[in-house]
Amino acid sequence: MSTVTETEPATESAATTISLEYKNWQWFVAGFFFALLWASASTATKIGLTAAQPLVIAVVRFGTAALVLLFVTHLVKKSRLPAGAEWKQLAIYGFLNITIYLGVYAIAMQTVTAGIGTLAVASNPVFMSFLSVFFLRKKLTKRLVFSIAVCTIGVLCAAWPLFGTAAVEPKGLLLLFASMLSYSAGAIYFSAKKWNGLSLLTINGWQTFFGGIFLLPFALFFYQHSANHFNVVYWLSVEWLAILVSVFAVQLWLWLLQRNAVRAGLWLFLCPLFGFAFAAWLMNDAITLYTVAGVLLVTSGLLLSRLTEKKTKQSSINKTNFPGKKSKALKTKAPSKSIYQL
Numbered sequence: 122m123s124t125v126t127e128t129e130p131a132t133e134s135a136a137t138t139i140s141l142e143y144k145n146w147q148w149f150v151a152g153f154f155f156a157l158l159w160a161s162a163s164t165a166t167k168i169g170l171t172a173a174q175p176l177v178i179a180v181v182r183f184g185t186a187a188l189v190l191l192f193v194t195h196l197v198k199k200s201r202l203p204a205g206a207e208w209k210q211l212a213i214y215g216f217l218n219i220t221i222y223l224g225v226y227a228i229a230m231q232t233v234t235a236g237i238g239t240l241a242v243a244s245n246p247v248f249m250s251f252l253s254v255f256f257l258r259k260k261l262t263k264r265l266v267f268s269i270a271v272c273t274i275g276v277l278c279a280a281w282p283l284f285g286t287a288a289v290e291p292k293g294l295l296l297l298f299a300s301m302l303s304y305s306a307g308a309i310y311f312s313a314k315k316w317n318g319l320s321l322l323t324i325n326g327w328q329t330f331f332g333g334i335f336l337l338p339f340a341l342f343f344y345q346h347s348a349n350h351f352n353v354v355y356w357l358s359v360e361w362l363a364i365l366v367s368v369f370a371v372q373l374w375l376w377l378l379q380r381n382a383v384r385a386g387l388w389l390f391l392c393p394l395f396g397f398a399f400a401a402w403l404m405n406d407a408i409t410l411y412t413v414a415g416v417l418l419v420t421s422g423l424l425l426s427r428l429t430e431k432k433t434k435q436s437s438i439n440k441t442n443f444p445g446k447k448s449k450a451l452k453t454k455a456p457s458k459s460i461y462q463l
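Residue numbers for the sequence shown follow our numbering, beginning at 122 and rising by one.
The hints are simulated quantities; they were obtained by calculation from the structure and are not laboratory data.
Glycine is no exception: its CB is placed at the ideal position from the N, C-alpha and C atoms.
Warning: the hint list may mix true and false statements.
To be verified - Dumping the calculated DSBU-like pairs for lysine-lysine here, alpha-carbon to alpha-carbon at most 35 Å:
id, residue 1, residue 2
1, LYS292, LYS314
2, LYS315, LYS259
3, LYS144, LYS315
4, LYS144, LYS259
5, LYS263, LYS198
6, LYS198, LYS315
7, LYS292, LYS209
As the list claims (entries may be wrong) - Pair by pair, the computed Cβ-Cβ distance ranges are:
id, residue 1, residue 2, range
8, LYS144, SER320, 18 to 28 Å
9, LYS144, ALA348, 45 to 55 Å
10, PHE149, TRP208, 33 to 43 Å
11, LEU417, LYS144, 30 to 40 Å
12, LEU428, PHE339, 32 to 42 Å
13, HIS346, ARG384, 42 to 52 Å
14, PHE339, PHE298, 31 to 41 Å
15, LYS292, HIS346, 20 to 30 Å
16, PHE255, SER320, 27 to 37 Å
17, LEU417, PHE298, 16 to 26 Å
18, PHE298, ALA414, 18 to 28 Å
Required output: the full structure, derived from the provided sequences and hints.
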């Protein structure tokens, strides 16, 4: 009997270890493929632009992604439809996050390299934190201001040797930064609104649908038949962006956020590295010392931003404790929605 009693705790311990290892592998695989797929978007867009106009690519991409997401959320998962004011919120969110952000981003990619596009997108969370100071009344810290400056300098540094060439034009960078501001505004709007338990899959599906619908008139107005070739290159680019980026990468990101929002943000550091690797491999983008310096600066800016966020969260938790009394740290689940939406 004693032998059985002694082996039971050992068996439970082994099972717990295996479970933790499995969860760690799940986390690693999800994070790795999120960073890989998300970083591929700029290169996939550049490849698509060799066959079609940017808005033609964008409209078909978002239409395809919306159909897949809405099919899964409503027909497979049986999630409820939005109701009342939620429709208006989804339309506004889609306009900011899809129509303006990704519509302008697609146009900007005509006059910047795939690597620069990835680097700019990787800086999004930093600019979002800055806008949250004005709209969510968060504290503006010196570290946040410094991180914004570092990220901006990093993007400009990587682009510097390409100015004056066909690869990068100032208007392309300005459009990129404008799209990033719209993304930040959309994420802040999302964070500030009440969604009454509406699933993230449903929100993502309908905001993608509305964003694509709002973009359609512009795509039709600027459409040039001779500039669009619906060949294999076009369809591979669009389907990659729609299915692997807009659906799978975003769902992986939401899965990471739901488990640990702070740790999830660390995977963003890999995006510039993967992005330039894709650009060098598929688009023959040159990797120079300026490129390396730019990537290091943007990564440093992201790190500073994440440290600021973590410090702010810890400070807010400490303020909720009774003064003069020691208390254990509260264990909370990752939020079901986060300002760091993609």
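Structure-based check of each hint:
1. Straight-line distance between C-alpha atoms of LYS292 and LYS314 comes to about 33 Å, which keeps the hinted pair within the 35 Å bound.
2. As the CA atoms of LYS315 and LYS259 are separated by approximately 19 Å, the hinted pair is consistent with the 35 Å bound.
3. Taken as a hint, the LYS144 and LYS315 pair is honoured in the structure, with Cα atoms around 31 Å apart against an allowance of 35 Å.
4. Between the alpha carbons of LYS144 and LYS259 the distance comes to roughly 34 Å, so the proposed pair stays at or under 35 Å and holds.
5. With a C-alpha separation of about 45 Å, the suggested pair LYS263 and LYS198 falls outside the 35 Å cut-off, and the hint is violated.
6. Distance check on the hinted pair: LYS198 and LYS315 sit about 22 Å apart at the alpha-carbon level, within 35 Å; holds.
7. With a C-alpha separation of about 32 Å, the suggested pairing of LYS292 with LYS209 holds against the 35 Å cut-off.
8. Between LYS144 and SER320 the beta carbon distance is about 23 Å. The supplied range of 18 to 28 Å therefore holds.
9. Checked against the hint of 45 to 55 Å, the C-beta distance between LYS144 and ALA348 comes to roughly 49 Å, which is consistent with it.
10. The hinted window of 33 to 43 Å between PHE149 and TRP208 holds, with their beta carbons roughly 38 Å apart.
11. Take LEU417 and LYS144: their Cβ atoms lie about 32 Å apart, and the range 30 to 40 Å holds.
12. The supplied range of 32 to 42 Å is met by LEU428 and PHE339, whose beta-carbon atoms lie about 40 Å from each other.
13. Range check, HIS346 to ARG384: about 48 Å between beta-carbon atoms, so the 42 to 52 Å window is met.
14. Checking the proposed 31 to 41 Å range against PHE339 and PHE298 shows it is violated: the Cβ atoms sit about 20 Å from each other.
15. Restraint check, LYS292 to HIS346: a C-beta distance of roughly 25 Å satisfies the suggested window 20 to 30 Å.
16. At roughly 30 Å, the beta-carbon separation of PHE255 and SER320 lies within the given 27 to 37 Å, and the hint holds.
17. For LEU417 paired with PHE298, a C-beta distance near 20 Å keeps the hint of 16 to 26 Å intact.
18. For PHE298 and ALA414, the hinted distance range of 18 to 28 Å is satisfied, since their beta carbons lie about 19 Å from each other.
In summary, the structure is inconsistent with hints 5 and 14 from the numbered list given earlier, while agreeing with the others.
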